[in-house]
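K.L.:
Sequence:
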Amino acid sequence: MAMPNMAFTVTDYLDYKPNFISSFYQNVYSPGFVERQAITAIEEFLSVLTPLVPDNVTLQPPGISIAGNVTLPLVVQTPRFNVGCNLYPAYRRLIIGLSDVIRSCHFCFRNAHPKEFDLATDFLKKVWENTPSEQLIDTAETSCFYSMRLTSNLAVESRPLMSDHQSPWCVLTSVGDWTNGRTLIPRLYTFPRLTVYGTPGDTIIVSDGVEVGNESHTGNRFQLEFFLPPSVYGGDGEE
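Using the UniProt record's numbering, you'd call the opening residue of the sequence shown number 1 and step up by one each time.
You can trust all of the hints, since none of them are fake.
Using C-beta positions, here's what the derived DEER-type ranges look like:
1) Thr218 / Arg36: 16 to 22 Å
2) Tyr29 / Pro192: 31 to 37 Å
3) Arg193 / Tyr88: 42 to 48 Å
4) Gly219 / Tyr13: 25 to 31 Å
Hints in this document: simulated from the structure, not taken from any laboratory.
We put the CB at the ideal spot given by N, CA and C, even for glycine.
Sequences and hints are given; from them, build the entire structure.
P.N.:
Structure follows, in structure tokens:
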């Protein structure tokens, strides 16, 4: 039985770790430091990246202009995000500002799913060896993730988390100063004692196909979804 704000695992598709980021750095930083650092980096990045991709959702809170999502590479350059593009300096500052969040999510997944973690890191090693000229400077070899999606101030219906490539697992966390906006995971509705609040700094690991959403909220809410490479599928990164 899980009480509110207690960690739990549902075999094969979900791991919930409340307040994982602050706990991970409890002997390194003051409480909330990593989250505040991430918020600053995100807000700076969003100030130069407009517009975001719109969505069929309710934007919260009313009047917020920077609302939407963007998918970002973490390993291999893309036409939009590469070392020669105008956005690269802002992208690089964002990754530096998120580095502690990425690192904590990396270890969160490693601890929960060591076999899948090894498959992911083996896949990424091959990418680094085979396509060194396509790597993103300062981001390669820093985590087990292949891409991430940043969602700003959206209340979304529950649906599978998706990147621009196949991914067997996603690690989700959020930072900000919002209230309400509870995380919605319909597959857990048959387990009434299992509650995912999705408060700032929580981490949620979900397998491919698990639907996730969130209720309307007040305040700024930035959701970060970190996607593993398609290693478990045996793919090469292309759909």
